[in-house]
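Student: Chain by chain, the residues:
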Amino acid sequence: MALKKFVVGCFEDEKVLFPAVAKVRKAGYKIHDVYTPFPVHGLDQAMGLRETSLHTAGFLFGLIGTTTAVTFMTWVFTKDWPVNIGGKPNFALPAWIPITFELTVLCAAVGMVLSFLYICQLAPFVKRHHFHARATDDRFVMVIECGEKTNESELSSFMNSVGAIEVNTQVAEEGWWIGRYDQDQELYKQTNIA
Amino acid sequence: MIKQQFEISAGYKKWTNILLGVGGLAFVLGVVFLGMSKDELAQTRFWSVLLQNSTFFLLVVNASMFFICITTLAMGGWQMAFRRVPEAISSVVPVFSILALLVFVGIIFGHKHSIYHWLDKEHVAHDPILKGKVAVLNPTFFMVWTVITLLIWSFVGAKMRKLSSQADENMDQEASKKFIWGNTVWAATFIVFFGLTVGSTIPWLWLMSIDAHWYSTMYSWYTFASTFVAGMALVAIFVVYLKNQDYLEYVSEEHLHDLGKFMFAFSVFWTYLWYSQFMLIWYANIPEETIYFKPRMQGAYRGIFFLNLIINFVLPFLLLMRRGSKRNYTTMTFVAVLIILGHWVDFYQMVMPGTMHEHYSLSWFEFGMLVFYAGLIMYFVGRGLSKKPLLAVHHPFVKESLIHHT
Chain U
1 MALKKFVVGC
11 FEDEKVLFPA
21 VAKVRKAGYK
31 IHDVYTPFPV
41 HGLDQAMGLR
51 ETSLHTAGFL
61 FGLIGTTTAV
71 TFMTWVFTKD
81 WPVNIGGKPN
91 FALPAWIPIT
101 FELTVLCAAV
111 GMVLSFLYIC
121 QLAPFVKRHH
131 FHARATDDRF
141 VMVIECGEKT
151 NESELSSFMN
161 SVGAIEVNTQ
171 VAEEGWWIGR
181 YDQDQELYKQ
191 TNIA
Chain S
1 MIKQQFEISA
11 GYKKWTNILL
21 GVGGLAFVLG
31 VVFLGMSKDE
41 LAQTRFWSVL
51 LQNSTFFLLV
61 VNASMFFICI
71 TTLAMGGWQM
81 AFRRVPEAIS
91 SVVPVFSILA
101 LLVFVGIIFG
111 HKHSIYHWLD
121 KEHVAHDPIL
131 KGKVAVLNPT
141 FFMVWTVITL
151 LIWSFVGAKM
161 RKLSSQADEN
171 MDQEASKKFI
181 WGNTVWAATF
191 IVFFGLTVGS
201 TIPWLWLMSI
211 DAHWYSTMYS
221 WYTFASTFVA
231 GMALVAIFVV
241 YLKNQDYLEY
251 VSEEHLHDLG
261 KFMFAFSVFW
271 TYLWYSQFML
281 IWYANIPEET
291 IYFKPRMQGA
301 YRGIFFLNLI
311 INFVLPFLLL
321 MRRGSKRNYT
331 TMTFVAVLII
341 LGHWVDFYQM
351 VMPGTMHEHY
361 SLSWFEFGML
371 VFYAGLIMYF
381 VGRGLSKKPL
391 LAVHHPFVKE
401 SLIHHT
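These protein sequence lines are chains U and S, in that order. Just so it is clear: in the first sequence, position 63 is 63 by my numbering, and no numbers are missing. Just so it is clear: in the second sequence, position 236 is 236 by my numbering, and no numbers are missing.
Hints in this document: simulated from the structure, not taken from any laboratory. Treat the hints with caution; some may be incorrect.
Claimed, not checked - Sample of chain S residues facing chain U (criterion: CB under 7 Å; computed from the structure):
hint: 1; residue: His117
hint: 2; residue: Met279
hint: 3; residue: Trp282
What you are looking at is a predicted structure, and each value in this text was computed from that prediction instead of being measured. Glycine residues also receive a C-beta, built at the ideal position from the N, C-alpha and C atoms.
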């Protein structure tokens, strides 16, 4: 549990959000994250996020699937239990392609989903702080992390100047935790009052 | 300075002339030494190579019109920034249609039995399988349907290009709606006819009837996939060329990325069809079906057979998989050239085993005709590009393309 202070700005429109992100970055503030109701194209570049390695992981998972399928079938049909099926050679590669393909896709897909969940810290019973409920509805929410030298009121007025329609300061858990919302809500009321 | 109008540069002209010169020389030598030769094999080689190249490149340039029509029907605006490139490529269809028609006239009326053995009436009379197919595989049906097909491709293609010119002038909202409706109607006409030709009958007649005893229901789709992916590669090459020459200022990596996705996806689609055709025949192992793969996989064409798979599946699959490589001009050009060559080889192995059997050759005439067609494409596409502004500024979808983001 590491509680940190965040300045949260809500935006109504992508068109305002993009220049705002650029200005905030230029001013030297550290963007914790931007929460949007839908995937916004190009926002990752605007925020300067590095390209995800998820596809490399996907390729490797796929490779694992291919290898598993081919080696297992080779072992079964040539070593362990060779059966003459329709006079085909025991090592019947063309007939194995569908299974190899399926296993490749299965491993790549499941592997990528699990990696994605791991990277995003999503799992059953794992909780993260919601900075603004309307981030899931119609607001673009930019969260800026306050460092030791950050002047909050200055930052708040800066957020207003770049087009935020609503700005507030929150003290919140930065990472994830395992717990229940009804108890946690109490915790945050206390911490935010303090 | 925005360059709206393509001007054929001296370098472009020089390379066109070199390719046309080398190719033309190969063609003339081919006519003299192969076409007019007394040797039956040399004549067969002459006509097979012409058949391979004329059908392949005709279908490849026609794939551009197919691309325009599907994006029109799907209301896809992203391609507007470079739409004039596939348009220019498709303007070669009438020219290549005439060339293909000449080849067919030569084969059909020259009674080249070694190309289409169903042309031999004597032979057909004693052949129950060919007798059963005589309603389709006869010179009259072949020529009439081919001529109708080529005319409709050329006519509807020309209509689509003419419609596109309207977008160079300013349009109000009513006119825009009418414009989109007109485009939709003609694109739909083209697509339906495309399905009846490239999607089914035309590959049966032109290519599958070389092995007239054999048939495959995958064949037309296989041919379509082959030529469509090569067609997209050709579009990508011209887009990259124009971009390098400071044209098409609104085309960005995003558009190239989508072209790359098309090349990647349809390479995989081609493999899927290739495999579906192969696997069923391999598994059923019925002699009348395996006859098609016997010479290709175990006979003289073994090398080409596997090269075909590597060059058309493995390499594009691995090279284009990464997001970055689809957005890279060099990789895209390299893979595009590879894909076009690969599918040219694919057509080679579709035609030759049925005509040349094990006496095939892959040397000056084959590559000469490839060079000749490359020169023709450069010449006519260059001319087509220079006729119109490179961006239809008043097309209702232009803005969608300019802000396109993948």
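Student: Each hint should be assessed against the structure and marked as holding or not.
Tutor: Going through the hints against the structure:
no.: 1; hint: His117; result: violated (29 Å)
no.: 2; hint: Met279; result: holds (5 Å)
no.: 3; hint: Trp282; result: holds (5 Å)
Checked against the numbered hints above, the structure breaks only hint 1 and satisfies the rest.
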